[in-house]
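Everything in the sequence shown is counted per the working numbering, starting at 1 for the first residue and increasing by one.
Hints in this document: simulated from the structure, not taken from any laboratory.
Quick caveat: nothing in here was measured; it's all calculated off a predicted structure.
There may be inaccurate statements among the hints.
Ranges between beta-carbon positions, derived for each pair [as the list claims (entries may be wrong)]:
1) 115 <-> 56: 18 to 26 Å
2) 113 <-> 47: 45 to 53 Å
3) 62 <-> 1: 31 to 39 Å
Every residue, glycine too, gets a C-beta built ideally from N, C-alpha and C.
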Amino acid sequence: MYIAEEAEKAFTTWAEIDRYWSHTAGVLARASHRTANRLIKAASPDIAIVLYDMHWNAKVAPGGLFGGELMAGDNRVNIMLRRKPEGWRIFHYVEAPVVGMVQMRQAMRALVDPDF
């Protein structure tokens, strides 16, 4: 299961996930992300839960409504992994965007003069 922050529904099959990523690859000219506050917990010997904060950056490919625009955002990510004979495999991935109210509070704090 994959739930992207901008998706209206969860992708629950590999075909849906492949279609999503194939489309995304054509929309973005460049993308990057960084993570912080990583937490990994064992739910069982073969299941792990991973939580972290993610900041992403993207440049939209030329053309279209947002062509060439730079964008960025902050998400909280939840991943669940299962141990398989070939190694750990993701079976659940959710991006939960930080809501506008929290983003506004963060932006207002960032505007305060350092010596205040």
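So, going through the hints one by one against the coordinates:
1. 115 <-> 56: 18 to 26 Å: 32 Å, violated
2. 113 <-> 47: 45 to 53 Å: Cβ of residue 113 to Cβ of residue 47: about 47 Å, so the range 45 to 53 Å holds.
3. 62 <-> 1: 31 to 39 Å: 33 Å Cβ-Cβ, so the 31 to 39 Å window holds.
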